[in-house]
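Chemist: Now for the letters of each chain:
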Amino acid sequence: MLAVTGASLTEEMYGPMPELDPDRLFPPDARTREIARELFATIANRPILSPHGHCDPAWFSENAAFSDPAHLFVVPDHYIFRMLVSQGVALADLGVPRADGAPVEQDPRTIWRRFAEHYHLFRGTPTRLWIDHALAEVFGVAAPLGADTADEIYDQVAARLSEPEYRPRALFDRFGIEFLATTDSALDDLSHHDRIREAGLGGRVVPTYRPDAAVDPEHGAFGENVAQLGEITDCDTGSWDGYLEAHRRRRAYFRERGATATDHGHPTARTENLDPDVAERLFRTCLANDASAEEADAFRGQMLTEMARMSVEDGMTMQMHVGSHRNHSDEIRRLHGRDMGFDIPVRTEFVHALRPMLDAVGLEPGLKMIVFTLDETTFSRELAPLAGVYPSLILGPPWWFFDSPEGIMRFRQMTGETAGIYNTAGFNDDTRAFCSIPARHDVSRRVDCAWLASLVADGRIRMDEAYEMAGELTTDLVKKAYGI
Amino acid sequence: MLAVTGASLTEEMYGPMPELDPDRLFPPDARTREIARELFATIANRPILSPHGHCDPAWFSENAAFSDPAHLFVVPDHYIFRMLVSQGVALADLGVPRADGAPVEQDPRTIWRRFAEHYHLFRGTPTRLWIDHALAEVFGVAAPLGADTADEIYDQVAARLSEPEYRPRALFDRFGIEFLATTDSALDDLSHHDRIREAGLGGRVVPTYRPDAAVDPEHGAFGENVAQLGEITDCDTGSWDGYLEAHRRRRAYFRERGATATDHGHPTARTENLDPDVAERLFRTCLANDASAEEADAFRGQMLTEMARMSVEDGMTMQMHVGSHRNHSDEIRRLHGRDMGFDIPVRTEFVHALRPMLDAVGLEPGLKMIVFTLDETTFSRELAPLAGVYPSLILGPPWWFFDSPEGIMRFRQMTGETAGIYNTAGFNDDTRAFCSIPARHDVSRRVDCAWLASLVADGRIRMDEAYEMAGELTTDLVKKAYGI
Amino acid sequence: MLAVTGASLTEEMYGPMPELDPDRLFPPDARTREIARELFATIANRPILSPHGHCDPAWFSENAAFSDPAHLFVVPDHYIFRMLVSQGVALADLGVPRADGAPVEQDPRTIWRRFAEHYHLFRGTPTRLWIDHALAEVFGVAAPLGADTADEIYDQVAARLSEPEYRPRALFDRFGIEFLATTDSALDDLSHHDRIREAGLGGRVVPTYRPDAAVDPEHGAFGENVAQLGEITDCDTGSWDGYLEAHRRRRAYFRERGATATDHGHPTARTENLDPDVAERLFRTCLANDASAEEADAFRGQMLTEMARMSVEDGMTMQMHVGSHRNHSDEIRRLHGRDMGFDIPVRTEFVHALRPMLDAVGLEPGLKMIVFTLDETTFSRELAPLAGVYPSLILGPPWWFFDSPEGIMRFRQMTGETAGIYNTAGFNDDTRAFCSIPARHDVSRRVDCAWLASLVADGRIRMDEAYEMAGELTTDLVKKAYGI
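Chains as they are written, first to last, in this note's numbering: chain U, 1 to 484; chain D, 1 to 484; chain W, 1 to 484.
Derived by calculation from the structure, the hints in this document are not laboratory data. Computed from a predicted structure; not experimentally measured. Any given hint could turn out to be false.
Chain copies aren't distinguished; within one or between two, either way the pair holds.
Unchecked claim - Below 20 Å or equal to it, Euclidean Cα-Cα: the simulated SDA-like pairs (lysine to any residue) are:
#, residue 1, residue 2
1, K480, I43
2, K479, G203
3, K479, R204
4, K479, Q87
Using the sequences and the accompanying hints, generate a full structural model.
Modeler: Here you go:
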């Protein structure tokens, strides 16, 4: 395995790399910067643990070459097309497919040029850091991306993509990834994961149990999905008990294929702890497609508690990603479908919302529930105090819009004094942009070191502790939180 | 035009100035400070663009001398009397008029002394920076303001105010103002603006269309105002269509007099997108003074969408200033009327609130809607994600209580990673304190440069980009957002 | 009185102390750090004013030796056992009593070892700073606490506790405490305070009137408490007028024993200003145990306004601590009772909530109401604007989870620009951990100086002002806010 985040990746293959600032994201003060530098040196080259993300398992099972720079970097990345849309570029002109199959821009070079012409928009954003890092460290690109260098960089990246060293499995190794979890529907047969294991990546690329489509009564295909869940688990999912048993069996199926965690994307953090007969009636109402919005919400809340109970039984770590208003623009959803950059965070409440679940299982030994929020105001007010007392609760890293230098620093400053670091879960890259994985871990490691350096510099911790904490934030806490 | 924010204003007239720290508001770290200094040097002397504020157009149409230091600095400035009230000084003792015409302090020197005695209260506030800058740079005052220097400084400022160089138009030129928009009632005949054009300031001092008094059913004179709007536009504002047409015509009237923008001060960000017949019924209910609080709120929300539609038609930039609980103290309102420093920000929600309007027009090419908030928690959670994807949405600068060094820095740190700078609108001084205009732009420019310097110092952007961005934040983005 | 926060406490008794970083919590930049150092030097040794806290008056009336290190540091401190619980340690294993009297760990050395083994959990938290400071400065401990030093440090602290110099009154003197207020039930006979006065500490240790148990209709013993309040004041508390008169008399009883303030711990900031007959009916409903949750909440809100009215009469400062969801875990409450670390902050609203009370008395000359919040989002949005205009309103220092380096800095940065420092109340240690008092004041003074230094460093205030402000933050504003 090559060095990843600290040293250059392609140097031995392609000669000297362009200059990324070796002190990037470190504190400006010289003494504090030196401390950060020393801390970072000890963890920069640690392997990458990616316990939550959205890589496509087909990449690793099929190991096909990525098609071209535009479809690798631009077309699938909502961080990127979102920003271009905000300045008047149409999604179709970036090659984003239409829901009705109407034609969109097909030429990857044209798409890439549009991206490059607008690259200044990303100044000051983490996307800029990720792209620069990926182009420089993964592809050996030496020039800054812009309208004038678009073609040259396109050609350079395209050429590399045709080489065997740029196939997914080769990159996986070069990136130094030790563990990567994908996110998979409960109904997925995990055949890609079977082939990944056959290819010898078993235990390094694993699935995650994400049952939303069979849990959310407002999902368009809820009834069908529940029926299908019954079929593939040989359970009568027409009954509440059978439905729960089906989840149990399906979790076991995932666990046998390496899964260590489940994941739940809900609009709110609401949980319920209903009497079984009440829950059963609610389930039947949902299944009959008769549930009001309130009932659907209650059912999702009940299912979080049920999933937590199953985690007590089977030891899987439970992740909750809550608080996104999905598909804010009706027109975009109609034209291009879901997940088109129009997901907007909303104010989220945890203290009352999590209480039913915490009353049910919050003190269970060994249970691990990781909470992610898009509402930073809850970090110091609600989540750090909750995670700082409930043994089952762990703070997920800053998510989505907050997976950034300022966001990570605010997270540590707002949670560290109440929850410490030992009730947090290290870093998630949470990405579907494969080539940004080293960049994202690099940013996170640097900002964590910058934060630790600030604590050392003003006498809050000793240097020997900071070394330990840097390692724990980078790998140990991840392994503990995800049972790796 | 003299140099404004970087160099001294009165030096050539009055000799050496007192020492304002030339590095004020720059980062403490020496290297980062040097970067900020270099960036600031390139934009310090750019002309001032003031696209939103509350200057009295009569100043420029009549060009009369300002009466005295107290009535220039203290009596009309809610930032100042608010703070003195908080420490037990009565509004009447500061010369603030009573609603019932009862006597209040008339002697400007006495008012000024009261202000000076309490000047320490402003330590650490932006008001302190603005006043110090105005006294030093505009009036050549060399001593710090305080009880012991009150009379001396009063005399010095009073003497200057009698000179022709301190008349409004002369100061306007000395301040280097290239563009200044006032805020004007839809019912205003803009006669001052006509005289301003005759005086040759046309296109440099322009009105803004602010129709709140004829849009808010809870405004005491809503019915009269709607009727008057009908009269002056020759429309039947008793009908919904006529009412909308009256707004269209009145916007055109403003536009002909140089207006490039409208402005809307609402208690919440609520918008509606009602069917025309539902909207019409709601309008009639409001006009009949029969609207419930909920109906009045819905009507205001509908009118935001209507105004956005008209902006699509006529190209005027739309501004929304939402989230102030006005006139919090009943007693103060009874004694002294509105806008007496008792306006308090409230929690504000944008994601659901703006959705009806954004569904209606949010993807319209060319539409520009600038949103201002008094709830900083919405910056990273709601507004930056919204502005970072909707092409029509632009983030207004930090407003009112947040138009300050810490507030501006927080704004950039909380929005810059998601919306970048290109979905923001540069700076507004938003002031009725004329002599503070150079100071406010100076503060904003310095803090923006401090922020950019921090990005350069830790390798997030290159210096050549920072130079570009400094200029864009200072002028280019303002011109683009306001169609100047 | 010995030097307290700046210099070593035990040096003259026990020889050289371990090294706490003399520059701890100062800014990293060398120039700013030097400014902070100079400011701190002028206030480090000022006496301690502790106008709100939870010291047990029995300590000072009885002056018995503290029993052992575990029962001094660990068992009563919810900051400490909360964090250990979050990592799976049971409260019973830390010696925390069971509600049913079931056995818990009794051996102090065992408890201390468990604490020491988990001491790394506190890295980056204020608890770590407080404990380190107390061990080093109060007990002369030279080694870092950890599993390997647990016994040695236990023995050292235990040995000291048996010495007369470590009795409460001796420590009180050594800590340089000039004024300390305890928090006492309205029903308390204050006999400990009588004995404290006899011991010559009168005026230095005083009670605070905390009537919650006789004000909150949802307190289990509300009816009994109201009856008892009637008995001890010789009032008919079965009537509304008699009930209010009983409070008046009881406040006088406290005032005669040195109390300068009242304190009110409510779930929300809700206030009411009801007509007397409506209030009377509400009181009777509550007394009859017939109140709905809404009515109970309204009654608490009405009582805040009544207490404020009494403060206008008798001059006592009123404190409001609002926004904690108490006893979040039912199971912990059942097993161990109240106040077991499971109190979690909730979102809090002040602008509408305080309005009835502010309408009633907010402009009263001389009235002082100090507001504390656990919702940091209200600082810049609601509380600083309110305190920055209402003469009666004062901002309490950062409370509980926010009484920390980052919390204090955020408080100043978020309130200082709108409310200045003169509408704030200096520091509260608010602790029941006696030996942490010097540490907590040390942290607060250092962070305030760090903040002031940042204002000097970037030219926002002059150094002569910063010296003044440092002193005001440390003592003058405390005295003014609490009428000391």
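Chemist: Confirm or reject each hint.
Modeler: Here is how each hint holds up against the structure:
no. : hint        : in the structure
1   : K480 x I43  : within (18 Å within a copy, 45 Å between copies)
2   : K479 x G203 : within (13 Å within a copy, 56 Å between copies)
3   : K479 x R204 : within (13 Å within a copy, 53 Å between copies)
4   : K479 x Q87  : between (41 Å within a copy, 16 Å between copies)
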